[in-house]
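If you want the building blocks of each chain, they are given just below.
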Amino acid sequence: MPVQTKKIINDGNRSVDEMLEGILAAHPRHLKSVDGSPRSIVARDGPRPGKVGLVIGGGSGHEPTFLGFVGKGLADAAAIGNVFASPPPDPILECAKAVSGGAGVLFMYGNYAGDVMNFDMAAEMAAMDDIEVRTVLTTDDVASAPRDQRDKRRGVAGNFFIFKAAGAACDRILSFDECERIARKANDHTFTMGVALSPCSLPQTRRPNFEIGADEMEIGMGIHGEPGIARGKLRTADEITDEMLDRILAEMAPQRGDKVAVLVNSLGSTPLMELYIMNRRVKQRLDDIGVSVHATWVGNYCTSLEMAGASVTLEHLDGELQTMLDHPCDCAMFRAG
Amino acid sequence: MTAIDTARLKHMFDVIAVAIEADKDRLCQLDGVIGDADHGIAMELGFNAVRDSLERLDLAATEPTVLLNTAAKSFLNAVGASSGPLYATALMRAAAAVKGKAALEGADVIAMFQAMAQGIKDRGKAEIGEKTMIDAWLPAAEAAAAAHAAGSTLAESLDAALAAAERGAEATKDMIAAKGRSSRLGERSLGHIDPGAASAVTVIAAMTKSLA
Chain A
8 MPVQTKKIIN DGNRSVDEML EGILAAHPRH LKSVDGSPRS IVARDGPRPG
58 KVGLVIGGGS GHEPTFLGFV GKGLADAAAI GNVFASPPPD PILECAKAVS
108 GGAGVLFMYG NYAGDVMNFD MAAEMAAMDD IEVRTVLTTD DVASAPRDQR
158 DKRRGVAGNF FIFKAAGAAC DRILSFDECE RIARKANDHT FTMGVALSPC
208 SLPQTRRPNF EIGADEMEIG MGIHGEPGIA RGKLRTADEI TDEMLDRILA
258 EMAPQRGDKV AVLVNSLGST PLMELYIMNR RVKQRLDDIG VSVHATWVGN
308 YCTSLEMAGA SVTLEHLDGE LQTMLDHPCD CAMFRAG
Chain W
339 MTAIDTARLK HMFDVIAVAI EADKDRLCQL DGVIGDADHG IAMELGFNAV
389 RDSLERLDLA ATEPTVLLNT AAKSFLNAVG ASSGPLYATA LMRAAAAVKG
439 KAALEGADVI AMFQAMAQGI KDRGKAEIGE KTMIDAWLPA AEAAAAAHAA
489 GSTLAESLDA ALAAAERGAE ATKDMIAAKG RSSRLGERSL GHIDPGAASA
539 VTVIAAMTKS LA
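These protein sequence lines are chains A and W, in that order. Residue numbers for the first sequence follow my numbering, so the first one is 8 and each next one is one higher. Residue numbers for the second sequence follow my numbering, so the first one is 339 and each next one is one higher.
If you're looking for bench data, these hints aren't it; they were derived computationally from the structure. Glycine is no exception: its CB is placed at the ideal position from the N, C-alpha and C atoms. Among the hints, a few may not be true.
Okay, derived cross-link-like pairs now, BS3-like style, lysine-lysine, Cα gap no bigger than 25 Å in a straight line [claimed, not checked]:
| hint | chain 1 | residue 1 | chain 2 | residue 2 |
| --- | --- | --- | --- | --- |
| 1 | A | K14 | W | K362 |
| 2 | A | K159 | W | K511 |
| 3 | A | K104 | W | K517 |
| 4 | W | K517 | A | K159 |
| 5 | A | K159 | W | K463 |
| 6 | W | K362 | A | K13 |
Between beta-carbon pairs, the in silico distance windows are [claimed, not checked]:
| hint | chain 1 | residue 1 | chain 2 | residue 2 | range |
| --- | --- | --- | --- | --- | --- |
| 7 | W | G529 | A | A257 | 47 to 57 Å |
| 8 | A | D325 | W | L395 | 52 to 62 Å |
| 9 | A | M135 | W | L395 | 21 to 31 Å |
| 10 | W | Q367 | A | K240 | 37 to 47 Å |
| 11 | W | D512 | A | P153 | 18 to 28 Å |
| 12 | W | V356 | A | N20 | 16 to 26 Å |
Quick partial rundown of chain A residues pointing at chain W, CB under 10 Å, derived from the structure [stated by the list, open to error]:
| hint | residue |
| --- | --- |
| 13 | G121 |
| 14 | Q262 |
| 15 | G264 |
| 16 | W304 |
| 17 | V305 |
So that you can see chain W by itself, here it is in the shape it has in the complex (with noise of 0.2 Å):
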């Protein structure tokens, strides 16, 4: 593969951003079942912002690392909500992961991944199991580094990323809820996909189709 450079991360947050605004109904019906019904509206104007702050980049003279910055703080002040720090310290963690780096190789775009979860556990304080975003973020950079290390190429690492995520956010229907909103809930919030997981299936997806 080429080395991906930051005009190829930022066509990524392009398809990203079309994949949410196309998914945000969908994503506000899943959050109206045990939450605010906000949830699509919050991500589509996290990442549509990000859109926007990336094509103010002069991207020839931009490293990795400050376009992912860029991403996160526009991702942050454009949402506030629960969704605006989770992301923005994942995209913080990817900046801080690829520091130094000119372009991104297989191993890069491996660890970027695993820095963005771990930012979302981190910032977020869940487990697994409890019903949120991390359901299907966390599985997914563990079987991207594990397909890596398996000697997998960056395409079939991420493919094993994306069913991780899908089965994830699937399992999140079988969860009681216990972080955010929806953990007043208690069992009502049984037999509903978590929006946070859903929409992270959403972003990973997009993910995986712009840099593979």
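So here's chain A without its partners, still in its complex pose (with noise of 0.2 Å):
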């Protein structure tokens, strides 16, 4: 038997649940969960008639993704899977009915298979409920798979500007057709690359996902650990930074003068001090092009566990994206304007 990783947790199969429990003493004034539903998490402050509701959610593990964004300004409600597992479609389902105003509600998250099945099936019960359900899958991840099959890209830490565009729209009472274009338009406009340097553990079993070499790491790895592009040794985080922002750059192709902002995000054990070092590089490649930066953000936003690595996003702006952006958002664990 392997040596077990060390976590702070009571019981692996109640982590979830007293996580959850945790949250909801802190935030009090911004958090509550559905009655009878406890992995439906809704904004106090956020649903209202006439207002198109934003339900965001997937697996745990990743905080403050997902629930850490439910506030108004941004999603209205996230529904909580298992560590690492999409949500079942029940507390969508209730997520949904707790967000509906009338005018629609549009469902957000990351593109996993399982993810999908159990929101569609969600939507499908909603339907049922007479609520009208879009969805928006966010397929930031440059390294999951070629530029010509977006489509099939995952949803990694991209997702918080995209959801931050599309609760923005819907808290300035859009139209539903406007909050989707406008979450599609935030979607196809943010790039993200990541690198891992050493694995996570899931509760239950407290052993590492992957292995990988002392000396090694692995660009373009997932937030659950699925591989990435290419293992090799640790390089500089100047290196580091300038691969990443090499295929980003190349994607999103900005003209001088063009604006963008900038999310260096830990994957979890990674400290701020390495994600300051990977944000010098960032701002020195984007001067170099001309590129100027609208705003930042460093630090925990969307994470695997105890994951060691970073990643990199930049939301390619125009007026619009600025705007939806810089719209005030007041959530547990995030706050803009």
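Using the hints, build the complex out of the two chains.
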């Protein structure tokens, strides 16, 4: 029996529910659970009549994604699954019912087979309750499929920008069509690349979920430890950041004078020091090509339990996306404006 | 054979739960190679939830279709993930296939088996050769139906299904994943058994053992 990883937990099978109890205890002003559906977390001050409801969700283990982005001006509710596993349809349906203001409900989540099946089943059930649901999948992970197969890509840390744009559109009481259009546009304008240095372990198994050499890194690894594009020797922060940016910028193709928003995200255990070293290089590279940075976030935004590693996300802004990004929001773990 | 009543069906789910529990670590390890290492956990959670929900049924007053729908709902709500909708759909289709029966004859069991495989195929939209649980379920259902049509007993038909499932799961080693999370691996998925196909063999083996 290999040595188990160290975790501050009580019972691996209860970790998600105990975390939710702790989150609700910490953020009573922002969050509540739906009566009888503890895995459906709703914004106290978000859903309202005439507003398109925004439901996000997915597996646990990525905190503050998803439920940290529930609040006025961003998502109205999040359906929470087991660690790295999609929630089943029932809690998703309960979220849809809780946020429906008669103007339609938008489902947004990362593009994973399990999530698609469960959210689609929930959408079918919502239709029977006369709630119209539309779905926008996030597909920002550049490493997960070639450019001509964007619809096969995973959703990762770029969720942050994509949900933010959609949440702002919903909060401004735009039409269902407009909210959906802006959500899709934000997804099309958002690009992420990640790198992993060491594995994470699930609370139930407490065993590393992949093996990687002490001196190795893996470029493009997914946020559940899905293998990436290439494994190699660990390189410097500038070299790693350059490799990520080369791929992102090749697809984004910004012109001199364009604006971007930057997210440098830790996968869990990589510290702020290293993230800021990466951000230094991001800024240098963008300066070099005459692209200005409208806003930057650095920290834990979409994690993979205790995985070491980081991701860089750029959102290519135009006037509309910048307006949505700057729109105020007040969530349990994130505030803007 | 005596017809299979709800008590036997409940027994079948008990046997499946025990078999999956014993197989959990192997399934997680298989998944760790090409996925996120949680498949054994999801399957165990699901079939334990089924076992618990069936404990609460009054079997004497329950028809097979109600038992199977109860199993479907409890599996789905315990798991989510990919295996939740796939097995829940399989069990809901099984329930529909035996609607109105008080107990199942051999032909009903074969029909139930085929409905399960078809349900998984419809929900996951996977085809043979894409390195998923369908590579075990579909040949198993076809083998069971063919054996039964050729006059085999239920036990013989289920044995044929199990053998076909084992061959199908083994064959996933030589496939490149085209569906699900491992599809992002491309050729790096070669050489590894698909964990969903592996757990399908465990489930089918437990069904064979408990129904024959």
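Verification of the supplied hints:
1. A:K14 to W:K362: Within the cut-off at roughly 21 Å; holds.
2. A:K159 to W:K511: Within the cut-off at roughly 23 Å; holds.
3. A:K104 to W:K517: 31 Å, violated
4. W:K517 to A:K159: 10 Å, holds
5. A:K159 to W:K463: 15 Å, holds
6. W:K362 to A:K13: Within the cut-off at roughly 21 Å; holds.
7. W:G529 to A:A257: 47 to 57 Å: Distance hint for G529 of chain W, A257 of chain A is violated at roughly 32 Å.
8. A:D325 to W:L395: 52 to 62 Å: 58 Å, holds
9. A:M135 to W:L395: 21 to 31 Å: 26 Å, holds
10. W:Q367 to A:K240: 37 to 47 Å: Check failed, 27 Å falls outside 37 to 47 Å.
11. W:D512 to A:P153: 18 to 28 Å: 24 Å, holds
12. W:V356 to A:N20: 16 to 26 Å: Holds - the Cβ-Cβ distance for V356 of chain W and N20 of chain A, about 18 Å, lies within 16 to 26 Å.
13. G121: 4 Å, holds
14. Q262: The hint is violated - Q262 of chain A has no Cβ within 10 Å of chain W, the shortest such distance being about 31 Å.
15. G264: 35 Å, violated
16. W304: 26 Å, violated
17. V305: It is violated, given that the least Cβ distance between V305 of chain A and chain W is near 26 Å, above 10 Å.
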